[in-house]
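2 protein chains.
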Amino acid sequence: MKSIKRVEKVTSHLSDFGQWYTDICLKAELIAYSDVKGFIIYLPYGYALWENIQKYLNYEFQKTGHQNVYFPLVFSEKLFQKEKDHIQGFSPEAAMITSTGQKELFEKLVIRPTSEVLFSQYYAKIISSYRDLPKLYNQFCNVVRWEKATKPFLRGKEFLWQEGHTVHATEKEALDQTLFAIQLYEKLGKELLALPFVCGRKTEKEKFAGALITYSIEALMQDGQALQAGTSHYLGTNFAQSFQIQFQDQDHQNKYVHQTSWGVSTRLIGALIMVHSDDEGLILPPYIAPIQIVIIPLQPKNELVQAEAKKIFDDLKTTYRVHLDLQNKTPGWKFSQYELKGVPLRIEIGARDLAQGEVTIFQRYNNSKNNFSKNTFKAEIPKLLKTIHDKMYQKAQKHLEANRRQASTYQEFKDHLQKKGYVAMSISGMDAEIKIKTETGATARVILETPLITPNCPVTDKKAIQTVLFAKSY
Amino acid sequence: MKSIKRVEKVTSHLSDFGQWYTDICLKAELIAYSDVKGFIIYLPYGYALWENIQKYLNYEFQKTGHQNVYFPLVFSEKLFQKEKDHIQGFSPEAAMITSTGQKELFEKLVIRPTSEVLFSQYYAKIISSYRDLPKLYNQFCNVVRWEKATKPFLRGKEFLWQEGHTVHATEKEALDQTLFAIQLYEKLGKELLALPFVCGRKTEKEKFAGALITYSIEALMQDGQALQAGTSHYLGTNFAQSFQIQFQDQDHQNKYVHQTSWGVSTRLIGALIMVHSDDEGLILPPYIAPIQIVIIPLQPKNELVQAEAKKIFDDLKTTYRVHLDLQNKTPGWKFSQYELKGVPLRIEIGARDLAQGEVTIFQRYNNSKNNFSKNTFKAEIPKLLKTIHDKMYQKAQKHLEANRRQASTYQEFKDHLQKKGYVAMSISGMDAEIKIKTETGATARVILETPLITPNCPVTDKKAIQTVLFAKSY
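Protein chains in written order, with the working numbering: chain A, 1 to 474; chain B, 1 to 474.
For reference, chain A alone in the conformation it holds in the complex:
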């Protein structure tokens, strides 16, 4: 007797967005849970998404002269304590190695939650002249932060990321680098992930522990909650002063270096899922999809059909990530399976279509089917993929714009917040920000570079100093 497995259905996103999300993560086989809470297993299909992000960034880094390195997983507690804001921000969630199977360690070791202190210590050793600058290092690695509430990809005790750490002779150069990184992330969103972001500066309250300026890209999920998807920090000379990273400049003066750090993580995969997918499962934009095209013979035992399917597979496989499914399962099962997995294009090869010189192509992003001539469809594929990518980006962009409001009164702010999405308001500063967070649960996402909406802050009635985009967020 055959064990027949049905393709598993996902929960409706309208009935339970959180369950819908974890259903997709698990049922599309992106991840599995391990036995330690907050640590997930990246399965082949999920890990391939991260590999494609890495490839995209590595390609860009090669053009800009950023070099990959690998710094240690651990550092001493002493090192951690050198920059005060930084340790205050990260210490509570840092994991410690205190012993081995055999004995206690003399000194506790911190597992990196981020690596500013390691890079700073190294830079202090090797930088002495303006000729040693800039240094443009990046590493892909795992980091550990002991988060309480965890959710696959979005927040884990361990996650995978890329962290850039650069050192410059001047403030201007470091500020340019900070902007370079956040613009690179915007480009990554636009070109690979089909994700539009709101990009801007973080408020004093929300900026990175140890930074002077933090820029962030923020994505808006389908449930109207925001997600911080990447950050870029101008560290000024904070770490340089704590670690004594000095250089002799061309004018013979000893000066502190200016530093930046910036990162995106596997969290981007969470955004990808939450922005694009539907109740049938995952919907992947074509350029990041591990399988871009799946070929399904409708009568797999029909020799003509099988031969044609193989021919098309061989034709396409040099250009695209393509999969030919010859499993002994029904076409219906296979359709559901690859819809669940969000494969952008499905080519159905059927005897009837072939008799008419045609194939059927299904597009996952709008669940549409069209017939194409089997002799000419190949030339259409680049256009199809491009259109799918563009439409997915535009749809997400439209959702973002439709859920971006502004408020002139605190009541209006609260009313807008009920509708989910972003609300802009001009505020007096951190006091207003804290009050808003306590009373509404919304946090400052980014500062907008736009004129004030109201001269006074609707929350404190003090003079407004900046317009800030608020939202509830993951």
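Think of the hints as simulated: they come from the structure by calculation, not from any bench.
Worth double-checking, as some hints may not be accurate.
List of simulated lysine-lysine pairs, DSSO-like, C-alpha gap at most 30 Å [unchecked claim]:
| # | chain 1 | residue 1 | chain 2 | residue 2 |
| --- | --- | --- | --- | --- |
| 1 | A | K310 | B | K63 |
| 2 | B | K329 | A | K63 |
| 3 | B | K414 | B | K205 |
Go by the hints and put chain B onto chain A.
Then chain B, alone, in the frame of chain A:
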């Protein structure tokens, strides 16, 4: 005043092999030390070597259907204890997370020294039928082992590696997979690293904790010491029984799966250095070299020379990893610098050569210089690189063969061992192996599939059961 830095010289390998090795690691800027002993920083030039090994293996894995995944950094102590031999082998050197910045953990967590238990636990959850088999997973990651004596690349508390973990329905299939992996490593050595290995089974004493069979590739360093450079394990049903990984076979019987695991690490980079380099520094085989060709204009301010150098650079950069050095430093300094860094080919562009329509090409592996027509040299480069690679492999192979001896008496064994390198002897088993290790410091590297040299073991005088290749090793 300019600060003039000399290219740093390395210690002679004949006077102090250990110092020569670490000099190259540090001065060729492959690594730097961190402040925690045993944890090293992989600098761009060193990390690029590992990236090229990863690319090679990923390309091969794609052909064979091995899929990349990422499993957690940690697991529970309970999980660790499930396979008895395994925990006995790895427990003493396992690092533990016991607390965070805020509080003690309820349960100690083990940082992976290797991930058999994590994969086994996952496989137990997802495998139920022969249709679920095989699973061919691989991960690139960091692992932690609390080694006492550490040496860059060769032995560290943290290292980077690739670990394959596969599951099969039959013993035969798993044994084939075990051999597939070790043969892949031999191919990697032959095609990318120009490293010949002795390949064979480990003795019972030396095999992996938890395995039935371990195959190993062993490289021979220039000082005559062996280095285990990669291993592949047939785990039998050991882990399957401990973790209850069972499947219903086509004959409806429930059976335990057969597993394999196999890995190579950044240790390969240590072998690369110790086998190929000389007293001028690193010598890199061309296909793994991060910079394959460096172009040095001898009169960088001469416009003709500069234009020609740039033209050649543009010509070559689409095909090779090529670097044009326009720094304001003397050609002599640059020559030493790239010799220290082991760049396989140096193209010198000089006014006098150009007047005769020529360029000079320096080959690092034999420190030879030849003139080539500047119009035709480009076509010679693939041949040059291939020849360099082949000659480097042959030289290492010759060294290996010249240092491989056999012994019919224990005294002969000891005499041969004085000359360094490998000594084969037919032994009675583990008792002889232990005696040899205690008395001579040599360990069993691999079992040879050759006829017995002597009917009795020269050490114990008992009946010999196998011929084993011994050596002192790293």
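Cross-check of the supplied hints:
Only pairs whose Cα atoms come within 30 Å are accepted, and A/K310 paired with B/K63 is accepted, the gap being roughly 17 Å. Between B/K329 and A/K63 the CA atoms are separated by roughly 25 Å; this keeps the pair inside 30 Å, and the hint holds. With a CA separation close to 21 Å, the supplied pair B/K414 and B/K205 stays within the 30 Å bound.
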